[in-house]
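K.L.:
Spelled out from the first residue to the last, the chains are:
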Amino acid sequence: MHTRIVYDKPGRIRFRAGAYAFEPEHEPRIHKACVANPYVKRAVVHSENGGILIEYETGSHEQFNREQLIAFIQKLDLATLPEGEPDTAYQLQALDSRFKNKLAFMLARRYLFKWFVPLPIRTAVHIYKGLKYVVKGLDILSQGKLTVEVLDGAAIGASLLQRNYNSAGTIMFLLSVSGLLEEYTKARTRTALTASLAVKVDLVWVVKDGVDVQMHLQDVKEGDLVRIRSGAMIPVDGTVVEGDAFVNEATMTGESQAVHKSAGKSVFAGTILDEGSIVVSVRAVNGNTKIQKIIELIDQSEDLKASIQSKAERLADSIVPYSFLGFGLTLLFTRNVTKAVSILMVDYSCAIKLSTPISVISALREAADRNMTVKGGKYLEEFALADTIVFDKTGTLTKAEPKLEKVIPFNDRSEEEVLRIAACIEEHFPHSMARAIVRGALDRGIDHEEEHADVKYIVAHGIATTLNGERAVIGSKHFVVEDEHVTVSDTEQKRIDELAGAASVIYLGIGGKLAGVLCISDPPRDEAAEAIRMLRERGIKHVAMITGDSQKAAERTAQLLGIDIFYAQVLPEDKHRYVEKMKAEGHRVIMVGDGINDAPALAAANVSVALSDASDIARETADVTLRSEDLRDLAELKDLSIQLMDKIQANYRFIVTFNTALLAAGFFGILTPSTSALLHNMSTMGICAKSMMPLKQHAPAKRS
Amino acid sequence: MSIWKNEKFWCVVGGAIGSAIAKKILKAPKTREYAVKGLAHGMKFTADAKATFQDMKDEAADICNDAKNEAGLK
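Chains A and B are the protein sequences, given in the same order. Going by my numbering, the letters in the first sequence line up with residues 1 to 704, in that order. Going by my numbering, the letters in the second sequence line up with residues 1 to 74, in that order.
Just chain B, same shape as in the assembly:
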């Protein structure tokens, strides 16, 4: 049976080509640029989420404070 007709052979070749391309892509400056941008977006998203969450907590605390004042607890 010819090696060219062997499915496993083509899998190995495909895998080797795939990993070579993947390596190229990973090492490409553009990839790095996108990765850095992605991470920065992620970090900013986390910081923004924290800020929004803190805003909400602050506002809730203020509402509680007003309620306590109205109830004459303070």
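Here chain A stands alone, though its shape is the one from the complex:
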């Protein structure tokens, strides 16, 4: 590409190819090609003047990077640009630029129109445009509704009837600017959310020549056979060729009842395999389905709106009749149409109706920018109001990577044998305990080839399979000893209790006998105690922990972290009962969990949170997903939610005070209708702009 350098300073270089060098549709592709360079930090592309701005890494390689960049731009060929979806940074830049251009265009049009168009034409245009608002208002009124649109129509209609065309023009202009502002905020939030929700299923099991091989999703091709097991998100669209399973397609259909899938049936990316195991022939790798669904959900679902938002919208519409009443009364008492119209020009509803959703959406975006995905305004509100937080212990309060401390073999088996078998069975399941066992085997250099038959995951209890013709089970004591009737003698139990200490114990039974136990120590996350203290400072009165672990292990963790309530040895199916019990006692509960077994408890809470390393099903069920593994983000989210509620309340107070003052000024004839309209609409725009401002002024301090 023929360009010249128009700006060149360390770390920043601007090329210009001139107008017509490339088309607007080339912009995202050029941007993509530029940011694909490892030393490029940021790129901005404009087709209007063929401009390409690049900010690049400085430091010891600065000169080299600059030369590389110049060579790269010179070689840039429109025919060989990368294809595909534009990246988020480009989309946000394009949105910002479009908004600024539209706003500049609207302002320019307004003033050119005002200064250069002759009065009769201006009047005709005002009447024509104003009538559209009036007709819309009448249309809504004819449906028996009295909404803000009716008020807008009435205010504009009244101005037109009074032959106050300038005032009508000002109202219409300000309404269109408010509309543009709202549209821009929504579009920007939607784009930022899309990027933040991109939950990736990176690794999948591909069946090659009868053997399961782990591969990156991006390497999976059409026609490959992918094995999917319980609790995993189906990463591809395809057809079942083997096995059967129950698939939760709620993300696709909204139907929460799991659907039975067997050979020949289709499955879709983004749905969750509740139970069973299937092999799917890949039809399409579609990573975006799920994300798109959530975005639509946030966009459309009334249920997900914060109740304060729905209340604001209802309140806004319910105020409209009073504006008309005020108009009538003013007319009656003052006999002055101008004063009465002043009342009609000012209302509380526009500002409330516009500023509340903008505040909520901006907060959602801000949360997304801070690596927290909140799936609706409702959950931010619940987070602000919550007084109780319940943590799952393993994988949530404790380190995401529990360590295998000890292997205690029984019945003449060796440590190595027990660990090899356990790792072989556990490696198929995305749980932190399972990962600890697999990692333990890896650290000890133990190879484990697939010797077992198909493995069955019994939700939150353990795993069962057949090994050399014998039933092999691995999991909690409750599952292995009580459900599966594996015998553990008193001597064996005594030895386990002595050696395990406060560690969590995983039992492995083969052929009805105890083969061994695996002791897994699960130290709390470094920041857990601080996070709990921060949450208490922010109004959380009760901190509870639920775990399937032993009383001893739970007690130790609770002591370490300053947790006041803990429930140990809780069966997975009972976890949600504790949450429901707390709710019944009048608490508003936040549940934080990570595993498949936490899904019912997550669903039962007022608002639920899953951490970044949680299982797919937990992330799917949770209302809030943290993209970091730092529990202090919970306190940050609490801050954000409280600040959002404060902001909405402050907006209310301002809107009511300011507009009441305008109404009074109109009533006493201090302000003319057009001044009232101008001040009212300016204040509405101001409050909308303020609502877009970030709640937290400073980025969080870097954590060690």
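Because the hints were derived from the structure by calculation, they are not lab data. Predicted model, so just to flag it, every value in this text is computed and none were measured. Note that beta-carbon positions come from the ideal geometry of N, C-alpha and C, so glycine has one too. Among the clues, some could well be false.
[To be verified] Sample of chain A residues at the chain B side, in silico, Cβ under 7 Å:
hint : residue
1    : Glu48
2    : Asn49
3    : Gly179
Here the structure of chain A is known, so what remains is to put chain B in place on it, guided by the hints.
P.N.:
Same frame as chain A, but now just chain B:
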């Protein structure tokens, strides 16, 4: 009164002739050529104006960047 002396009659005739001529002009290849040229000039003018405006915005952004650098904000 003679029709030839009627003002309205001549207005109608004038109007008819005028519209016939206007139709001819509108359909003439030359008119089309001028119109196309005019539109192209208009489009080019808009594109050039956009390019100039973008150049100005870019230069302003660069000046701001320099100022931030000097102030030690970057």
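K.L.:
Now look at each hint and say whether the structure bears it out.
P.N.:
Here is what the structure says about each hint:
Because the smallest distance between the Cβ of Glu48 of chain A and any Cβ of chain B comes to about 4 Å, under 7 Å, the interface hint for this residue holds. Hint status for Asn49 of chain A: holds, given a least beta-carbon distance of 4 Å to chain B, under 7 Å. Restraint check, Gly179 of chain A versus chain B: the minimum CB separation of about 24 Å is more than 7 Å; hint violated.
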